[in-house]
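Protein chains: 2
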Amino acid sequence: MLGHLHVAGPLRRADLTGLMGLNRSTIAALVAELAALGAVREVRPEGTQAGAGRPSLVVQPCADRVQVLAADVGVGRVSVALVGLGGVVVARRRRRVDAPSPEAVVRLLSGAVRSLLADPAAGRHVLGFGVSVPGVIRQEDGNVRFAPNLGWEDVPLGELLAERVPHLRLRVGNDADLGALAEHRRGAARGVDDVVFVAGEEGVGCGLILGGRPMLGAGGYAGELGHMTIRPDGRRCRCGARGCWETEIGAEAVRRALGRSEVLTADALGEVLRRADPDDLRSLAVVGEALGVGLANVVNLLNPTLVILGAMLAQLYPAVEEPVREALRRAVLRAPGEQVRLAVPELGADAVLLGAAELAWQDLLADPAGVLTASAGAAPPGTSAAPEAG
Amino acid sequence: MLGHLHVAGPLRRADLTGLMGLNRSTIAALVAELAALGAVREVRPEGTQAGAGRPSLVVQPCADRVQVLAADVGVGRVSVALVGLGGVVVARRRRRVDAPSPEAVVRLLSGAVRSLLADPAAGRHVLGFGVSVPGVIRQEDGNVRFAPNLGWEDVPLGELLAERVPHLRLRVGNDADLGALAEHRRGAARGVDDVVFVAGEEGVGCGLILGGRPMLGAGGYAGELGHMTIRPDGRRCRCGARGCWETEIGAEAVRRALGRSEVLTADALGEVLRRADPDDLRSLAVVGEALGVGLANVVNLLNPTLVILGAMLAQLYPAVEEPVREALRRAVLRAPGEQVRLAVPELGADAVLLGAAELAWQDLLADPAGVLTASAGAAPPGTSAAPEAG
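Top to bottom, those sequences are chains F and Y. If you count the first sequence from 1, position 370 lands on 370 in the numbering used here, and the numbers rise without skipping. If you count the second sequence from 1, position 232 lands on 232 in the numbering used here, and the numbers rise without skipping.
Source of the hints: derived by calculation from the structure; they are not laboratory data. Hints may contain errors.
Chain F regions said to be covered by chain Y (calculated; three or more residues, Cβ under 8 Å) [claimed, not checked]:
1) 31-41
2) 133-146
3) 200-213
4) 264-277
5) 334-344
Chain Y is nowhere near these chain F residues, computed Cβ spacing over 10 Å in every case [claimed, not checked]:
6) Gln60
7) Pro100
8) Ala104
9) Asp119
10) Leu160
11) Gly191
12) Asp193
13) Asp194
14) Ile230
15) Pro304
16) Ala331
Predicted model, so just to flag it, every value in this text is computed and none were measured. C-beta atoms are modelled at their ideal positions from N, C-alpha and C, and glycine is treated no differently.
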C-alpha cells in the first residue's frame, strides 16, 4: 500500500481497494496501521464541503513526517536533499566542489546532511540515505570502482560516509541507473517497459530498464556506454581509450564546440544554448552527430521504446535535435528505429536526485512496519526525539 | 517434467522427485501419462545386471519418437534437421544456396523437409518447425524485417513457409538469439545468467540472456550490434551506414585480410586459419582488434559474465585471440572486464540449429499433453499414420 501511495500520490480508499485487490476492511486495517506509524494520514478531499454527505477520505503519504536523504554527486557540485514519502523534495542544499577528492566530497555531504537535519522542519523519521555517483559502483558496499570524471578509483565511499553519517542505512548507486529508476517510477517512462536513460555531463552513462525491470548487469556495472568507441582515432578519454562516446558528446566537447573553457552549471549552459548563434549551432552539430551515432548503437542493441536524454544532455538536445535525429536515422535499423522515441526527463534536473531517494526508499517499501518501528525506537539523527534520546 | 528431461537428458525417478519437489506417486503418474503419449520410456540403467535387486528405472526422453524440424538459414547455405526430444540431431540435410532469394530459400527448405520426413526412420510425432535467419525478425508472424546479408527486406518468410509446409506450427527467430538460447539451455552458458552470444558470419548479431532470461527488446529486435559504428569513416556497410562492426569483423573482412575472394564454409575457413602463416596472422590482427573493441563496448554496456563467439567467429577466435584480448583489455572498464570470460560454443556449429529446435519445442514444453494429443489426432506430415489418414 505504501508503495502505491509513494508512486501515485494521495489515493481514495476505494482506489486502493481496486489497485490492491483487497477488500474494504483489509484496506481500512492497513491504513490504520500506517497512520499509527505516522506514514499516512486521511484528509477530506479538496473542494468538498463540510456536511455534504459522507465524502470518501483521501489517504495521503506523509511527506512531512517520513523522509529520506538523497545526494547527487556531480563534477563540480553536490546536491543533498530531504525527500518526503511520495517523492517530494522538502529541503535541499547545493555545494560547489572545486577539487572533488573523496575526503572533500564526504565532508561536504556530511555537512549538508547536518545542516538539513538541524532544520526544525526536518522530518520525524529519516529512514535512509541514497547517494548517486557518476561512476561504476559495487552494490554491496558502495565502493566506487571507477569514476574517471571525479578522478576516483576504488574509493570506499560507502564506508567513508558511514563513519560521518552513522545511524542511516546507506546505499550508493550510479547516476544513470538512478535517473532511469526515477523517470520509470514517476517521470517520462511511467508504464514504459524498455527504457534507456542517458546521463550526460562531464561523462556519459546509461541506466537501463528492460522488460520492466532495472538491468544492472552481473556485477551491477552495466550501462557504461560512455566508453563505447565512437571514433577509434579520436581524442584520448580519461579512461585511457580513444574516441569514447563521452569525449565526443560530454560537457567538455560542448565547451570545445562553443569555444569556452569554464565549467558551466546546467542552468547556465541551458541559457548559453538558448542564445547560441548560427556559428555556435554549426559547431555543436558535430556533437549532435556523435550523440545520434551512439544512440543508434544503443537502439540497435537494446530495441527500447524510449530514450531519455538526461543531465546536461537535456539542455543540449533542443539545440542539436536535428543533427541528432539525422545521424540516428542514418545509423539505426528501420525496425527498432520505428519503435523508439527520444525525450528529456519529466523530472528535469532532479531526476538523478529523486532516483537516489528511490534507492533509499527501497527498504521502507519492502517492510514498512518493520522499518518505521525500528526507526521510532532507534531515534535516528534529525528526528525531533533525537537530542533527548541521544 | 518433460522440460527437465529435455534439458538434462535421462533421469531416474528419484532425481525427478528431487528436481520437481513432487512426491513419488505424482511422479509415477506423470511418467505413465507421458509414456502413454509416447514422449518418454523407462529403461534399465546401463551397467545394471538383470536380477540384481530392483534397480531404479531411468526415464528417457524419446528422441526417436518426439521430434521437431529445425532450420538454420545462412548466407550461401541452409541446414535443416530433425531434432529429437532432448536436443539430439536425428537426421539432417544441407543445401548450398547460390542466390538467396526468398523463393529459392523457401523451395530449398521445403524440399529438405520433405526429404527428411520421407525417411522411414522419421519420427511418429513431428511437432513444430523452428527457423533461424540472420536478420531482424518480427516475432508474431515470422516476417523478416531486414536481413542485409541475404538482401531481404520485409520478407514474409513465416507466411511463405506456411504455404509450403502446412500442418506444422512455425516459428522464426534470429540466429544469434537462438544460439544464445541453445548454449544457455545445453551448452557453454548452462547456469550462467548474463550471457552475450555473438553470431558472426557475413553479418554479426548478438543474442542476449540477461538476468537469466532472453532479452529480445520491445519488438524482438534487440541484439543488432553488428551495426554498431566502430569506424565512422570505415567501409560502407550493406545497411547503408559506414564502419559497422560487421564490416570490420565479418566473413568479408576475414577474406580481405587473407587475400581471398571465394566464400568459404566454416570448416574450410577453420582449416585455412589453422594453416595461416605469420603474414596472414598479422593481417588478421586488424580484424581481431576490431572484434576486441566491439566486445569492450558490449561488456561495458551489459556487464555479462560470459561472451560466446559463435558461427564463423568460433573458427576465427583461436587465430586472433591475442589481438582480441589486447584490444578488449585496453577499451573495457576494469570492473566489468574482471568479470567476463570469452568462450566458443560448446555445441559447435550446431548451436544456432539447436536453438531453432528449442524455438519449436516451446509449445510442447508449455503443454505436453495438449500438444501430443493434438498431434496424434491431426496426423501431421511424416508421421507413419499420415499416408493412410491423409
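Hints, one by one, checked against the model:
Beta-carbon proximity to chain Y at under 8 Å applies to 0 residues in the segment 31-41 of chain F; the threshold of 3 is not reached and the given coverage is violated. Using a Cβ-Cβ cut-off of 8 Å, 4 residues of the segment 133-146 of chain F lie near chain Y, which meets the minimum of three, so the contact claim holds. Under a criterion of three residues with beta carbons nearer than 8 Å to beta carbons of chain Y, the stated coverage of the segment 200-213 of chain F is upheld, 4 such residues being counted. Given a C-beta distance limit of less than 8 Å, the hint that chain Y covers the segment 264-277 of chain F is violated, as 0 residues qualify and 3 are needed.
Coverage of the segment 334-344 of chain F by chain Y holds [criterion: at least 3 residues with CB-CB distance below 8 Å; count 4]. Every C-beta of chain Y lies more than 10 Å from that of Gln60 of chain F, the closest at about 35 Å, which supports listing it as non-interface. Residue placement check: Pro100 of chain F keeps its beta carbon more than 10 Å from all beta carbons of chain Y (closest about 19 Å). The Cβ of Ala104 of chain F sits about 24 Å from the closest Cβ of chain Y, beyond the 10 Å cut-off, so the non-interface label holds.
No Cβ of chain Y comes within 10 Å of the Cβ of Asp119 of chain F; the nearest lies about 38 Å off, and the non-interface call holds. The Cβ of Leu160 of chain F lies farther than 10 Å from every Cβ of chain Y, with a closest approach of about 19 Å, so its non-interface assignment holds. The beta carbon of Gly191 of chain F is kept farther than 10 Å from every beta carbon of chain Y, the shortest such distance being approximately 13 Å. Not every Cβ of chain Y is farther than 10 Å from the Cβ of Asp193 of chain F; the closest lies at roughly 7 Å, contradicting the non-interface assignment.
A Cβ of chain Y approaches the Cβ of Asp194 of chain F within 10 Å, the least distance being about 4 Å, so the stated non-interface status is violated. For Ile230 of chain F, the shortest C-beta to C-beta distance to chain Y comes to about 7 Å, within the 10 Å cut-off, and the non-interface label is violated. For Pro304 of chain F, the non-interface assignment is contradicted: its Cβ lies about 6 Å from the closest Cβ of chain Y, within the 10 Å cut-off. In this structure Ala331 of chain F is not separated from chain Y by more than 10 Å, as the shortest Cβ-Cβ distance comes to only about 5 Å.
The earlier numbered hints that this structure contradicts are 1, 4, 12, 13, 14, 15, 16.
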